Amino acid sequence: MKTKFALFGAATALALMPMTAAAERGESGHLNIIYWQAPSILNPYLSGGTKDVESSNIVLEPLARYNEVGEMVPWLAESIPTVENGGVSEDLTAITWVLQEGLLWSDGTPVTASDVAFTAQYCMDPEGGCAQLRVFNGVESVEVVDDRTVTVHFDAPTPVPYGPFVSMVSPIIQAAQFAECTGARAPECTEANFYPIGTGPFTVVDFRPNDVIQFEANENYRDPMLPHFQTLTFKGGGDAASAGRAVMETGEMDYAWNLQLAPDVIAEMAQGGAGVPISAFGTLVERIEINMTDPSPDLPPETRSTRAAPHPFFSDIRVRQALSMAIDRELLVEIGYGAAGQVTCNLVPAPLAFASDANESCRMQDLDGARALLDAAGWTVGGDGIRVNADGRRLTIDYQTSTNAVRQDFQALIQQWWREIGVEANLRNINASVFFGGDPGSPDTFQKFYADVEMYANLFPGTDPQQYLGAYRCGLEPNPDSQWQGENINRFCDPAYDALYAELTQTASLSERARIARELNDILIQNYIVVPLVHRGRVDARANSLGGVLLNTWDSGLWNIADWHRTM
Amino acid sequence: MFTYTLRRLLLAIPTLLFIALAIFLLLELSPGDPMADMPLTIPPEVREQMRIALGLGEAWYVRFYKWLYMFSVVEPSHVLANMTGIESLAVEGQRIISFQTRSPVADIIAQRLPQTLWVVGLSYIFGILIAVPLGVYSAYRQYSWVDQLGAFVSMVGFSLPTFFTGPLLMLIFSIWLGWFPIIYDTTLVVDSFHNFGLQMRQMAMPVFVLTLYNAAQINRFMRAAMLDNFTQDYVRTARAKGMSEKVVVLVHVLRNSMIPVITVIALGIPTIFTGAIITEQIFRVNGLGQLLIIAIYASDFPMVLTLSMVFAILIVGFNLIADILYAVMDPRIRYD
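From first to last, the protein sequence lines are chains A and B.
Oh and the first sequence: position 109 is 109 in the numbering used here, straight run, nothing missing.
Oh and the second sequence: position 198 is 198 in the numbering used here, straight run, nothing missing.
Since the hints were derived computationally from the structure, they do not count as laboratory data.
Hints may be right or wrong, so weigh each one.
Sample of chain B residues lacking proximity to chain A, with all beta carbon distances greater than 10 angstroms (derived) [unchecked claim]:
(1) P76
(2) A151
(3) S174
Just a few of them, taken from the derived set where beta-carbon distance is under 8 angstroms, the chain B residues facing chain A [what the hints assert, rightly or not]:
(4) V46
(5) Q49
(6) L54
(7) I183
(8) H252
(9) N286
(10) S299
(11) D323
Note that the structure is a prediction, hence the values are computed from the model and not measured.
Glycine included, each C-beta is placed from N, C-alpha and C at the ideal position.
Construct the complete structure from the given sequences, taking the supplied hints into account.
Pasting the structure below:
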């Protein structure tokens, strides 16, 4: 009965939407948002944490954003520069952005091209420790052409020049406010980092680190009708469960971010009737990464888990394939993610053009097929059900991941399936701050990979997977010489892959890029270097009375907060 | 007495230095990295630059010395300047900067102290107010139903962890009954009776959870101390002299029984400042406990180190106060 009522309420809300959307700034009153991770700082250049980046995007805005379907839309810029409209130079080394006319900062001063150039200078300062330095990769200079026009010059042809000043990770900051905050002085500017002046629909009134932020509507926002809300409280902290309850059961809050909860828990909360869960899918894929090198503790530290010591049995593709075939991905989705997950057989699951359709066979669990493969590879079932090969080596693997309830469920299920095909898995889980911490002194980091397989999730920001696929090239693997830093976690190395990747970096046409990206994806998947499990979405919750929310996984979830409004 | 206090204070300095070094080295050796929270999309070389920007590039003894200087000279001067309003008191130089917020650690601690004092402090006071009379009566009427009830409540308070009672109360009083809010509104300013009511409502659950816990401990001590004294000869003497029961219990026995209990209460005061880490986290009270746990998760070493050190100073300080109170309360004890 309650669900029916909720559905009815949602339908009424939809019907009322066009009426209220025509009202004026601030008429919707007060909005309460809860993020169970509390923002620490409102400067995305000093913190890469999602909570900090998304909250700062209420105030700070980029030149262009991705919308809810992953298309780039002009934001502070007039239009998206392309080769066709002359905005991107023929040789792909320069992109020229033109700011909208009449843009003002929230303090009333005009936004100029020099603010844009300053933003680049701020992040590219070698002593600043900028978290978003990656998006400025290859930028040679940022030239101010006139008050509204700015040209970014790259040091090499850049087929996708939409790194700098695009999406939530690279918003424009005010030159006047941050002028004294460059380089080593960046962390000292507490006032600027807590109360940035922006162009966004809201301005910061009170910032309490790791607790709560209060915003009010920006008087100088470019659209005089927006935002609909006059004030905004952005509460942080606690846990995902009570954040979901506060929206869907007690109705204290209007919007809750990223409810990483068991599907049945979310469904039960939705019975509360005050709000509904909403979900959307980006590029986040939960996967098992296979170690192509030998993690054996008997090896000396210089060669353990490095290319010098190939893996004793993963060098046989049949073993890797059998591990993938034994997994029932449908069941993993059902148990771990529900509406927030779907089966994927790809490393690049989205956008649609980039998603390969050549690997769909992984959707079906095939235990018999897996057993046959292992038989063919010379692994025979021993007395205790675990396979041994001719040398008497047992098929035992170490399987590590970070500590997280869903991941431990997955480990237990997968361990069981692998046991059924005669593979013994020793499970380990490691605290996330250690596992992802990258401390070269710790043996437990995901980069060091002192295990045969490991499970985690990764994604690429924006809509272009070039950087993401580039991680699997030869020479990028973590090793003792690189202080165990490096992105090629699997230690995969294939010259053909590298050559194809080089082609991708030279290609500008979108359809060609998509084709190459799909092929790169297929190489990794069909060689069973990466075993994708679940394409993970993001589940947020909104109150029934909140309209205008378009959940966006390509950019900040709060990207269109100016359009949010009350529907009842 | 004065020389004793002085001697103890001087002895506290090497103790605290040792504690500081121990905490620093523990943090240094513990795995964990301030960059761990960052998305994997941030490449390793950028992470390395961020680490250097945070000052992690220097040798540990350099960082320890710098922190020690800032903690003992720069930060106290800023606190003093803030309290007196005389800006010139503040020593120039870099302050202890939190990795998460890139802002001075002392400012954040000052911002959060009042919340902890209110919620945890209030629950401590309530705990004492409930535990002491209950303990006295339980001992006086041993094995009566009040005593049994006290024992039961203490058992519940001791054995049910706050991370169980907290969500349970939320479920009952917020979700089913709708009496109290789940989210603690830290921006609420108490300037009217209406807001005072709101503040009371949002404090009710965390204060109750902590009161139960505190009362359980003090109640048991009080009861045990009273029972010890009831069997003493002076109690029989007092009764033989014809004193009323009221005088015997509340004047003779209670006063003598309070000596150990006051020590326990004094030693517990630093825990008010350390906050109730779990309770604050559950109820989203932005106090020091929550600050500490978030800092630990984020590997925010300067914050963890500074907070732990402040707590260490409080504990050493209250230990001394408890010892001195002991002598004040009990004339038989003299330290000189």
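Hint-by-hint comparison with the structure:
{"no.": "1", "hint": "P76", "result": "holds (19 angstroms)"}
{"no.": "2", "hint": "A151", "result": "holds (33 angstroms)"}
{"no.": "3", "hint": "S174", "result": "violated (6 angstroms)"}
{"no.": "4", "hint": "V46", "result": "holds (5 angstroms)"}
{"no.": "5", "hint": "Q49", "result": "holds (5 angstroms)"}
{"no.": "6", "hint": "L54", "result": "holds (7 angstroms)"}
{"no.": "7", "hint": "I183", "result": "holds (5 angstroms)"}
{"no.": "8", "hint": "H252", "result": "violated (50 angstroms)"}
{"no.": "9", "hint": "N286", "result": "holds (4 angstroms)"}
{"no.": "10", "hint": "S299", "result": "holds (6 angstroms)"}
{"no.": "11", "hint": "D323", "result": "violated (37 angstroms)"}
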